Amino acid sequence: MSVTTPEPTRSTGQGSLGSTLNGRRLPRWAPLASAAVALVLAVGVTQVGSIVGLAWPVLWAIFFLVVQTGWSFSTEGRRHAVDRLATTLIYGCVILAVAPLLSVLFSVVSRGAATVLTDFPSFLTETMRNVSPRKPGGGVAQAIVGTLEQVTIAALVAMPLSILAAVYLVEYGRGRLAKTVSFFIDVMTGVPSIVAGLFIYTFWVLTAGFERSGFAASLALVILMIPVVVRTTEEMLKIVPNDLREAAYALGIPKWKTILRIVIPTALSGIITGVMLAVARVSGETAPLLLTVVLSQSMNWNPFAGPQAALPTFVWDQVSSGTDASINRAWGGALVLIILVVIFYTAARLLARLFAPQAH
Amino acid sequence: MRTASPPDDVAPVSRESRTVGVRAGDRAFKGFAAGAGITVLVIMGAIGAFLVWKSIPSLQANSANFFTSTDWFPEDKPPTFGIAALLFGTAITASIAMLLAVPVGIGIALFIAFYAPRPVAAALAFVTDLLAAVPSIIFGLWGLAVLMPNMEGTARWLDEYLGWIPLFQNDLNIYTKSLFIAGVVLAIMVLPTVSAVSREVFVQVPREHIEGALALGATRWEMVRMAVFPFARPGMISAAMLGLGRALGETIAVALILSAAFTINWHITEPGGNSFAANIALKWNEAGPIGLSALIASGLVLFVITLAVNMVARWIVARRAEFSGAN
Numbered sequence: 001m002s003v004t005t006p007e008p009t010r011s012t013g014q015g016s017l018g019s020t021l022n023g024r025r026l027p028r029w030a031p032l033a034s035a036a037v038a039l040v041l042a043v044g045v046t047q048v049g050s051i052v053g054l055a056w057p058v059l060w061a062i063f064f065l066v067v068q069t070g071w072s073f074s075t076e077g078r079r080h081a082v083d084r085l086a087t088t089l090i091y092g093c094v095i096l097a098v099a100p101l102l103s104v105l106f107s108v109v110s111r112g113a114a115t116v117l118t119d120f121p122s123f124l125t126e127t128m129r130n131v132s133p134r135k136p137g138g139g140v141a142q143a144i145v146g147t148l149e150q151v152t153i154a155a156l157v158a159m160p161l162s163i164l165a166a167v168y169l170v171e172y173g174r175g176r177l178a179k180t181v182s183f184f185i186d187v188m189t190g191v192p193s194i195v196a197g198l199f200i201y202t203f204w205v206l207t208a209g210f211e212r213s214g215f216a217a218s219l220a221l222v223i224l225m226i227p228v229v230v231r232t233t234e235e236m237l238k239i240v241p242n243d244l245r246e247a248a249y250a251l252g253i254p255k256w257k258t259i260l261r262i263v264i265p266t267a268l269s270g271i272i273t274g275v276m277l278a279v280a281r282v283s284g285e286t287a288p289l290l291l292t293v294v295l296s297q298s299m300n301w302n303p304f305a306g307p308q309a310a311l312p313t314f315v316w317d318q319v320s321s322g323t324d325a326s327i328n329r330a331w332g333g334a335l336v337l338i339i340l341v342v343i344f345y346t347a348a349r350l351l352a353r354l355f356a357p358q359a360h
Numbered sequence: 361m362r363t364a365s366p367p368d369d370v371a372p373v374s375r376e377s378r379t380v381g382v383r384a385g386d387r388a389f390k391g392f393a394a395g396a397g398i399t400v401l402v403i404m405g406a407i408g409a410f411l412v413w414k415s416i417p418s419l420q421a422n423s424a425n426f427f428t429s430t431d432w433f434p435e436d437k438p439p440t441f442g443i444a445a446l447l448f449g450t451a452i453t454a455s456i457a458m459l460l461a462v463p464v465g466i467g468i469a470l471f472i473a474f475y476a477p478r479p480v481a482a483a484l485a486f487v488t489d490l491l492a493a494v495p496s497i498i499f500g501l502w503g504l505a506v507l508m509p510n511m512e513g514t515a516r517w518l519d520e521y522l523g524w525i526p527l528f529q530n531d532l533n534i535y536t537k538s539l540f541i542a543g544v545v546l547a548i549m550v551l552p553t554v555s556a557v558s559r560e561v562f563v564q565v566p567r568e569h570i571e572g573a574l575a576l577g578a579t580r581w582e583m584v585r586m587a588v589f590p591f592a593r594p595g596m597i598s599a600a601m602l603g604l605g606r607a608l609g610e611t612i613a614v615a616l617i618l619s620a621a622f623t624i625n626w627h628i629t630e631p632g633g634n635s636f637a638a639n640i641a642l643k644w645n646e647a648g649p650i651g652l653s654a655l656i657a658s659g660l661v662l663f664v665i666t667l668a669v670n671m672v673a674r675w676i677v678a679r680r681a682e683f684s685g686a687n
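Just so you know, the sequences run in chain order A and B.
Here the working numbering is used: the first residue of the first sequence is 1, the next is one more, and so on.
Here the working numbering is used: the first residue of the second sequence is 361, the next is one more, and so on.
Hint data in this document are derived by calculation from the structure and do not stem from the laboratory.
Keep in mind that a hint or two might mislead.
Stated by the list, open to error - Dumping the calculated EDC-like pairs for lysine to aspartate or glutamate here, alpha-carbon to alpha-carbon at most 16 Å: (1) A/Lys257 <-> B/Asp386; (2) B/Lys390 <-> A/Glu171; (3) A/Lys238 <-> A/Glu171.
Please read all numbers here as calculations on a predicted model, not as lab measurements.
Kindly generate the complete structure, drawing on both the sequences and the hints.
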């Protein structure tokens, strides 16, 4: 390279700094040009005869890597060639991650909408009572009611417990116990949802002797919600300015009243956001519901007794039936479930934005 | 000193009478809060205790080796069942998921932290969060109906050209409902976990290290390799372990995709295989008392494994947090 450079004074000892500042670089259009060359090569090779049966997009990607790295290596040197290779691979990772998400959303929306819209609005208002798996028709009303009841109960049980635990960690937590609690809340996020279902079954059904019900499902969801709500509440309590607490103490207000009347109200919107995010997460849980509640095909308003449906278990049941009509219903149920999750998710974001505490 | 105390003598009387009420309220409230914290510990302990207690009946009746048997006949007399096939399937699917998701997840995190322009980074962070919010039943449905038909070609290609590796060999020439495809779906599901946690660590890398590296003439990749990776390595390891925890416990997607079989089959593109969580979901409604107890026993093993993985991951993070505090 130094032979072709016009400056004769440049010594090789200048090394990397010299080559970065005034060494030869590829033009800005180099990636585009490499892509074009690689495309021509890929299409050409696939036309002439397939190289070990690879599809042309894969070949294109491989040729692009080879062409660009080779070109860069010969002009810019090894370090820049490696840099370009790494950059390309990192961009490739992004495509690999975004592609499945788009595919999931596209297939759920297109296939789900086909079902929901052909039976609109009966798909949303009718139940599966007396509907044969082989025949189209029926709906998800019983599943929507079940999911809403179960996640509401779960949120009502999980909220006070989690908020108190977070208050303990932020306002009181010093020493061994607080560290242990904090550690196990982190560990709890990793408890598989099916294990939460197993635990509630052994505890609520086998030991306490209650029947499987929507409420038992709620209890399993509580276990999955607690760590999420505790962590978000903790974050929210931490950003409540210390000035507020100190002002309250200066007025002679005891600590517990300061927490209940000043700290929690200030952080409340953020806490509610955290709860909504947790609700959005658990409303799609299938595994614990399979163990703790019997699936119902008809409407059951009572979460404390009898079988009850939910959207995830409805989808599971329809897929398991395996007929064309039931698979279509599964896609319809999946779309309704995703819309529900998006509603919870957006509600959480809106609440956060509307009532964001004035942190400074 | 003592002579100065008389005026103080007056104050303590009134102060004490006030603080007694205040202290009682404070003590009660602190008790409540601490009680909530302890409840969390109790729940975690109870999960382990109840699972152990309820799995004892089947473990005592079991006539096969619980850890090495590949049979699952808990309703027989005497019951014979073991977790070997479940352990194998869980390990294989989770390994495939890790092999695919860890590099890609770290790549996305690098892109968001160091490569993307700010609005693109924010949008992509939102998209990966969205990926985390998609329920697993939907991934299962998508994997079964959309991904599986499209992966058949890939599995066949692996068999045709890399079939000399026993792992990719396929004697049945059926390429669906396999551990391989279940692993790919799992990879997509744990991707957001891996990328979110590594992103958090990448953002904490001190600006001085990054700018110092760039000022010395490092290319962007050299900066990543020399300034970011050494700092973030523990965080990346724990990101991978947290993803592994998710992959091990995932139920529904695996249950929908695999055609459950109690075998140890190293040909991972052939149909069959099973996992702890999927087996519990599939066998639950047809199980009798001993069957339920056997499933609970297998769930206990899953709980212990995920607990260990998560505790190691959290321990690594906690150690790093102390280290960075000293920095």
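**Item:** Structure-inconsistent hints, enumerated in ascending order
**Value:** none
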